[in-house]
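**Student:** Use the sequences and the hints to build the structure in full.
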Amino acid sequence: MQMFKEYTLREEEIAAVNKNPKPGVEENVPKRLKGITFELVARMQKLHERCSYHALLKYYCPVWPCDEGVSDKRVAIPENEPSNSAHASSNIASQVRAERSSPSTTNNVDEPPSSCVSVVKQREAFTDFASTSGEVSAFARAVIGKVIPREFWGKGAGGEANEKITMDNVDRFVKLRRYESFSLHDVMQRLKYQLTEFNWLCPPNTPPTSKLSPSDTLKRRQLLAEFLYWLFDSFLVPLLRANFYITESGVHRNHLFYFRHDVWQRLSEPALGKLKTDMFVELGTEEARQILNSRELGFAQVRLLPKEQGIRPIMNLRKRGLKPDKWRGKEKMALAPSINSLMTPVYNVLAFEKSRNADKMGSSMFSPSEMYLKLKSFQAHLKEKGWFGQKLYFVKVDVQSCFDTIPQEKLLKVIKYIFNEDEYRIARHTEIKPPLNVTGTKPMKKFVARAGLAEEFGRFEDHAKAEVGSGRKKQTVFVDNVVHQFKEAGILLGLLEEHVQHNIIKIREKFFHQKNGIPQGSVLSSILCNFFYGDLEKNKLSFTLDEDGLLLRLIDDFLFITLNRDNAESFLKIMHQGHPEYGAFVSIDKTLVNFEMSFDGRKVNRLVGTLEFPYCGNVINTKTLDVRKDRERRVEINVDDLLTVTYSKGAGKALHRKTLQSFKIQINPMFFDTDFNSLQTVLKNIFHSFVETAMKLHRTAQALTSSRKPPQSLLIKITSDLLELAFVMVQNSCRESRCQVTRTQVRWLGAKAFKKTLAKKQTKYRELLKWLDETILKTKVEGMAVRVSCLGDDPFQSFRY
1 MQMFKEYTLR EEEIAAVNKN PKPGVEENVP KRLKGITFEL VARMQKLHER CSYHALLKYY
61 CPVWPCDEGV SDKRVAIPEN EPSNSAHASS NIASQVRAER SSPSTTNNVD EPPSSCVSVV
121 KQREAFTDFA STSGEVSAFA RAVIGKVIPR EFWGKGAGGE ANEKITMDNV DRFVKLRRYE
181 SFSLHDVMQR LKYQLTEFNW LCPPNTPPTS KLSPSDTLKR RQLLAEFLYW LFDSFLVPLL
241 RANFYITESG VHRNHLFYFR HDVWQRLSEP ALGKLKTDMF VELGTEEARQ ILNSRELGFA
301 QVRLLPKEQG IRPIMNLRKR GLKPDKWRGK EKMALAPSIN SLMTPVYNVL AFEKSRNADK
361 MGSSMFSPSE MYLKLKSFQA HLKEKGWFGQ KLYFVKVDVQ SCFDTIPQEK LLKVIKYIFN
421 EDEYRIARHT EIKPPLNVTG TKPMKKFVAR AGLAEEFGRF EDHAKAEVGS GRKKQTVFVD
481 NVVHQFKEAG ILLGLLEEHV QHNIIKIREK FFHQKNGIPQ GSVLSSILCN FFYGDLEKNK
541 LSFTLDEDGL LLRLIDDFLF ITLNRDNAES FLKIMHQGHP EYGAFVSIDK TLVNFEMSFD
601 GRKVNRLVGT LEFPYCGNVI NTKTLDVRKD RERRVEINVD DLLTVTYSKG AGKALHRKTL
661 QSFKIQINPM FFDTDFNSLQ TVLKNIFHSF VETAMKLHRT AQALTSSRKP PQSLLIKITS
721 DLLELAFVMV QNSCRESRCQ VTRTQVRWLG AKAFKKTLAK KQTKYRELLK WLDETILKTK
781 VEGMAVRVSC LGDDPFQSFR Y
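So in the UniProt record's numbering, spot 447 of the sequence shown is number 447, and the numbers just go up one at a time.
Be careful, since some hints might not be right.
[Said to hold, decoys possible] In silico SDA-like cross-links for lysine to any residue, where the CA-CA straight-line distance does not exceed 20 Å:
(1) K760 - Q745
(2) K175 - A759
(3) K590 - G310
(4) K175 - A703
(5) K760 - Q702
(6) K442 - R657
Just so you know, the hints here were simulated from the structure itself, not pulled from any lab data.
**Tutor:** Below you can see the structure in the form of structure tokens.
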């Protein structure tokens, strides 16, 4: 089931050894490892038994005021002292807030751990309770220093240097972001080792200073690598796992948070209790086992993801469970298909019906970029009517917990009418592409399934030509799998009903049945939600189909734009009245309009002092319908949290590739179409895309170790290639529209943006800044200086780089 043996979870293996210990353990040890190595391991076991892990955890990762007798320096920070230092994290601000609101609670640092619950209620974000990566690193290094005998690092000054280097690697490992990797090669790269200095690597009865043969050298290096691999894989990882709940958050992207298990338990218990009351019904273990054994669908496990306010439950439906292997006997286990893979045929059929009956989806969108064509068509219609000067009314509403409140019976009734055929054909094919990056050696392989009518057999060549002709599948090899599957609609509907109405979840050691809503994390959740709310629009919001209005919806986020104020007010009132039959209830706190209005005696939140209306990560100009990316965030953004850095071999190539990719992912015709946006808005979008790319380039370069820091020549090449290719990327994105900007304008904007961003870090980029100055002088564009002077960098005030 796996290429390599799993060393991080060895409880069963250890239990089996403890149950049936082998006589004469030392006799089973390889000859090379007898003597000093065996003694060091025995000593390490004793140090492990004597080590007070919990005391070290409380000392290095305190959670004030939960830990009795632990003095936390953060408590002493005055209310008016700025918290900009590295030590002053978000925890400080939350503690100050708690101190202001409840002095009696904060002054008593000797309160029992249960006092944390009262502090939780006063803090704003769950992430305030996470231990910092520096604290976690200090804890891990302290444990390693107490448990691992120093003789393992070598003798003399070299041994001290090796220990320090290893501790630095531990620190780097703990501070890795999500998706970043750390190889054994990286761990051994900086070690200043002479193999003769590691006495424990010497075979018995061999002088430590004797000359090494090539085979002995190879074996000692292999043993040293095995020890370091064990240290990280089988000691450090289980240590962190045993003491911390490690997770990303819904806001901080790739940043990882370390929550002490006792703290996370207190934080999550209220949320889990609410889930168990509102959404789930507990099942007996035997009852759950009988249901699972009688069907192919397995169970989902719930993971809690911290948000700005509270936590969000995420069900993992892609995880493959284990089942008895019928070919090798019941005692042997094999991987079972995941729930999402079993539901894929249902998704394929729903996607096919969506393409045939788009009107049943209402105003739904599957991504924010889909609003481009709808807004452009609406703008063209208004221009035909001579719309200039008329006020547009914007109303945005958000359905509360849409996935958790959808009535299951009503949903299945709606979906039943979507299946218009008795049988469908599922055709599968494979798409093969070149490696994603320069250093990759294996091509990318993707398996794709399409649903169609059972009696229609279209030529696969026609489908491949259409995909290549659309421009989305360049440099792709299409391979037909030839064998097609036929699925009856009744069987698919039965599978869907079982998935929705009998979804079993495992939380810790207990099983639950989901009584409300649809499973979050399911491959079907988005398309089911869109069909369901499409039915709501048809029955409750038919007036929004008026030609003078446009309704947009991304899952549960509604935006209505209209020339008619009465329609805008009617839309807001109808949505706020609630629709119990659809489980749709709107929060007035998340509602936003651009005109003054009250509902139930309370004023609705209104856009003030700006014409840019925020919606789904973008801002729409309420006067011109121009669109920009929304970078004006309420919370401070650390650019480091947006990155995934490659530290291993080929770091320079990876930096080059990721810089180009960073600009490419911001490319969308919605931002660069000059028939839709004004030229000033398009120039601003290009300029801001370059600014964000420059920030990411700087932070990625600074994250690399000193031995892999990119030279100025490489940075100049990366910037030069980006300025050359940016125009091509922008024009390619606008092949079906028009972008009236020239190559010279794009190059000048890029050079100006990079200079503006990197000039704040000028000591690190002297040669690059000099090259940018020369580029700006060579690419003078008439009138551009005046245009750029009003672009500004206000959207990036919350970015920290």
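**Student:** A separate judgement is required for each hint: does it hold in the structure or not?
**Tutor:** Comparing the hints with the structure gives:
1. K760 - Q745: Given that 20 Å is the threshold and the Cα spacing comes to 24 Å, the pair is violated.
2. K175 - A759: Answer violated: K175 to A759 is near 28 Å, above 20 Å.
3. K590 - G310: 16 Å, holds
4. K175 - A703: Distance of about 11 Å is within 20 Å: holds.
5. K760 - Q702: 14 Å, holds
6. K442 - R657: With a Cα-Cα distance of about 17 Å, the restraint between K442 and R657 holds, given a limit of 20 Å.
Checked against the numbered hints above, the structure breaks hints 1 and 2 and satisfies the rest.
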